[in-house]
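Enquirer: One letter stands for each residue in the lines below.
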Amino acid sequence: MKLPPVEYEAPRCVAEAIDLLAEHLDEASVLAGGQSLIPLLALRLARPAVLIDINGIDELSGMSATDGWVTIGAMTREYVAEESESVADAVPLLAAALPLIGHDAIRSRGTIGGSLAHADPAAELPAVARALDAEFVVRGPSGERVIPAAQWFEGFLTTSRRPDELLVAVRFPAARRGTGISFQEVARRHGDFAIVGLAVSLVLSGGVISDARLAFAGLSDVPVRATAAEDLLVGERPSTELFDEAARRATDDVDPPADLHGSSDYRKTVAAAIVRRGLRAATDNARERQ
Amino acid sequence: MTAIAAERYTGASIKRSEDPRILTGAGRYVDDIKLPGMLHAAFVRSPLAHAHVLSVDVSAARALPGVVAVLTGADLEAMTVRAPDPLLALFSTGGPTPEFSLLATDKVRFMGDPVAIVIAESRYLAEDGCELVEADYDDLPSVVNAAFALDPSSPPLFANLGDNIARPHSRNEFGDVAGTFAHADRVIDFHIDVHRHQNVPMEGRGCVASWDADLAAMTVYAATQSVHITRNGVAARLDIEPGQVRVLAGDIGGSFGLKIGASREELAVAAASRHLGRPVKWVEDRGENLTASGQAREESFDVRAAVSNDGDLLGLDVKMVIDTGAYPGMGTMVPDIMQAILPGPYKLEALGFESTAAITNKASYVAYRGPWASETFVRERVLDLIAKDLGLDPVEIRLRNVAARTDPPASMITGRPLVGVTTSEALERVAQIVDFPAFRRRQAQARAQGRYLGIGVATFIEAAPGPRGPGGGLGHESMRLRLTEDGIVALFTGQMPHGQSHQTTLAQIAADEFGVPFEQVRVVVGDSDVVPFGLTGGSRSATMTGGVALHGARQLKAKVLDFAAYLMEASAQDLLITDGNIWVRGDPASAIAVSEVARRAASGPFGADVDAKLEVEATYDGGEGGWSGGTHCAIVAVDAETGIVKVERYVAVEDCGALINPAVVEGQIRGGVAQGIGAVLLERSAYGEDGSFQSATFMDYLMPTTCDVPRIEIEHLETVPLDADVNFRGVGEGGMIVAPPTVVNAIEDALSPFGVRIYEQHLPPARILELIATAE
Amino acid sequence: MADITLRVNGTTCTGSPEARKTLADFLRDDLNLTGTHVGCEHGACGACTVIVDGRAVRSCLMLAVQAAGREVTTIEGLAPDGGLGTLQQAMWDSHSFQCGFCTPGFVMQATAFLTGHPDASEQQIREALSGNICRCTGYQSIIDGVLLAAERNRER
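Chains as they are written, first to last, in numbering that gives the first Met the number 0: chain E, 0 to 289; chain G, 0 to 775; chain Z, 0 to 155.
No lab work stands behind these hints, which were simulated from the structure alone. Zero decoy hints are in this set.
Calculated from the model, a selection of chain Z residues having no Cβ within reach of chain G, i.e. all distances over 10 Å: (1) D52; (2) G115; (3) R151; (4) N152.
Facing chain G, from chain Z, some residues (calculated, C-beta under 10 Å): (5) R27; (6) E40; (7) I74; (8) G76; (9) L83; (10) Q87; (11) S95; (12) P103; (13) S129; (14) C133; (15) R134; (16) Q139.
Glycine included, every Cβ here is placed at the ideal spot set by N, Cα and C.
Here chain E stands alone, though its shape is the one from the complex (with noise of 0.2 Å):
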């Protein structure tokens, strides 16, 4: 399972890459951490005529809290963003996600940006950013634009990036006081993509839900929020019973596919228990913050 051959780029800042990108466009794939990439090239799923490598860039790592928010560069490496102190404080729900990717080897050279610009729709990442409504921000030879999580994931593997853009980073907003947090998976084995996972953030005030994200990997094309279950949620206390209609609400309409791994009825119904499970502990981790 040898690479195909491609050409190869390795630029030096975001400018040059972005010429590059301009230049080829569909007909180059960016080379952040690899990961995800080099299976499939490995596997000749991917024929890129030109592999752009932006790990040379330095600015593109980093990362800053300011203003509600913490901005993380896109080459910024999952096991950096792992150990980091801001992310666990500011960023509960992407901390509890990133032990959760693959294994260790693979945190070493997988990025941030990387796995949200590849957007598998049953990785962690992209469940937690559309929880958090995340933002996008690229850069293309227009110029910078800022991109809703609601409106970067378009389809399986596919995200609103132009292929003329490069993307820098991604804004997290930092978790209000009363969060509570929990990211829910169902997987075969430790590390393995979810079969069906649940990024869940609730905040308390005076014990009653004032907001509730629930989104989906595994579920869909793309990470889904369970908007129906999030309204019902606002304004209620707590209870199992709350919970129990919550997972019903988020699974009615859901279709989930069928793979080697399980039927679609099997996600929906594991959908369902993980929506109860998530909410019990996203609950208790917000009495445990306060």
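Go by the hints and put chains G and Z onto chain E.
Expert: Chains G and Z alone, transformed into the frame defined by chain E:
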């Protein structure tokens, strides 16, 4: 290496002599071999399960810079001759053999069937070349399950067979089957399925073949379980003498039955090397290993059990269908082996057994660690199902049915004597180690909280090598032992270790018998010009090779002492060898180093009455042989909302005779159990309805990891010694044989509140939820 | 093809690999360091694990050209002068391995893990090694080797 000051090596967990190179990256596996002028091969493989090959256009591939040659199936037919599979030639039971070519010529018969070989300067370029080969196919209906294969309307895969039956239906009866069933209190019917899964060694198949045109000699660097069987296979296909082929094997990255003889691809590589006059390397990648190397265990069973109301299993009548894939090999032999030991350690009075082997559009059925393992799965599942029907405890029903150990021993209804079998002791010991009543209390508490724990037990025996008796002999094992000029006791064996640690265990035995330190013994393997015939497989080596090492070392010692007696002007009876020195009993000052005696022997000549050739050719017939066996117990936790199963605790009580090296034995057991857990929870070689193979990567074929296999508690029973000297028995396959029913029995126990009954071996999470839903 | 320079096991090495050549293949073919093994070529088995700039990495998922300027350690570079390091010795003492094919990947992954987590529990070790596949051992002996190495490191 520092000298180990063990008084007796045998029975101690001596550190492996293999490890210093393994741990430092100095092992030599086939893909590490580099020869001057070496080329690399890759195969064009069929994307279809069943099709006529209309044309294969290799012109674009041949024109690619870096591609040296492209050979089609027809090209290879012209440069080789038809020959039977060498493993089958050894063990064949007769029956029709489909004729097939090394690469597909007019037909492809499974997805992945090789159609052309591209030989290039690098594997990268060879794969590029493969993409340029244009093969044109005419799709045929696929035969994707045995049921359709046995239907006369299914398109025959092989024209010369006329149908898709690899081995005609046969039936045998042992005991009074009709009478036993007529008089039984109950007759219960079951249908049990075992799914297709596979060996998956971490190193795939591969070889480097190097033809020397001047010498008309072929050297093959192989990954194989027998250098001689590989040699014979290569010689036969290339139509040369076995003496013109030398097979060398270094370190091998696992096999579990896969790498025996020479595969079609390896033979094609050898032919290509001869054709080009240059060395050619092929090492399969993971996709090839999963898709094309071969698979195992896809068998289905219709079982009738004749049972008494008290839980006596009186008789079994079994109809088996085995799916042997497209190029039948080992699969046709497996039913016979199963039939012979299906009764296990139990007092079965009657057995009816019939089998059919079907040909389908799948990769070939190959030997996989305990190829007959489904007999234990079927028997141990049936016992649990009967126990549930009758309200009996799973340990009790087994104790009730185990044949008592008598003298002379009882025999299985199929003929083999159950001599030295310690199944009852194993069952009782498991019940002592695992506090069943305490578990039942914990289980009840957990159920009240909506958590589902289960406990399962299964027992097995394995002919490792099996008892001497009316079933016939045990074959024999050869070894050459030599005291080399520099004082090393060298053992030349046809064993071909690929994880079994023979270079350590055989040295332990020889060191003890001969009287030298462990470091003064060297086990020589892996050169067909040098070692006697042998095969590592069937869990035979502990007895057969351990035995020939023991007796051979004694014979060599006697010879050396005769020579030493001449040197020391003493009587051989008065001489001892301890710790590498030969000395006269009672006179420590007389000691001469073994190495010195060896040096002197090499510096002859001596008189005609002095034998200074310090070498013996030993053979061993297995002595009294014996059974290995054991009882395993698993505790599982099943999440009834997600279907995820965790094995919480696993206990193995084993009797594998005397232990040569306990750490090695335990490693074999644990590795086998891990494969059994993998089979039940994770591993399946999946085919679609059109015959497409769906498990071609490690994202789809899931291997058990550190988080799937718990600590496995192992206890060794004191064995019943049968032989004065050699009571080591094989342990390589047992774990994989008995772990699947152990785990499935536990899962069924966990799900008993739902009324679940399990008649299959593969239980991924989705299936667990289905079983719960359909039982309710 | 570009010329690259990198440090491997403390030695400066150069090469001219094609861009598509993986680091695993570059180490094995161009530098003759065959201790790093290839088990799947899609990052799922860990057999090819090496250490790059202090982090465990799957060398089949890195291009050789991406290792330019980096510090790479392979199994051959772990132990001083043909001896055995603490982890290797502990694994020898624990009968950690059988066929040896997965061994270099496990040793490199465990080395990287123990450096950052010298007091890891068994469960943490299991999770850290859950991306390395072994077909022979059932893992217990490998875990025991890592635990023994950690204990010996603490005793120093």
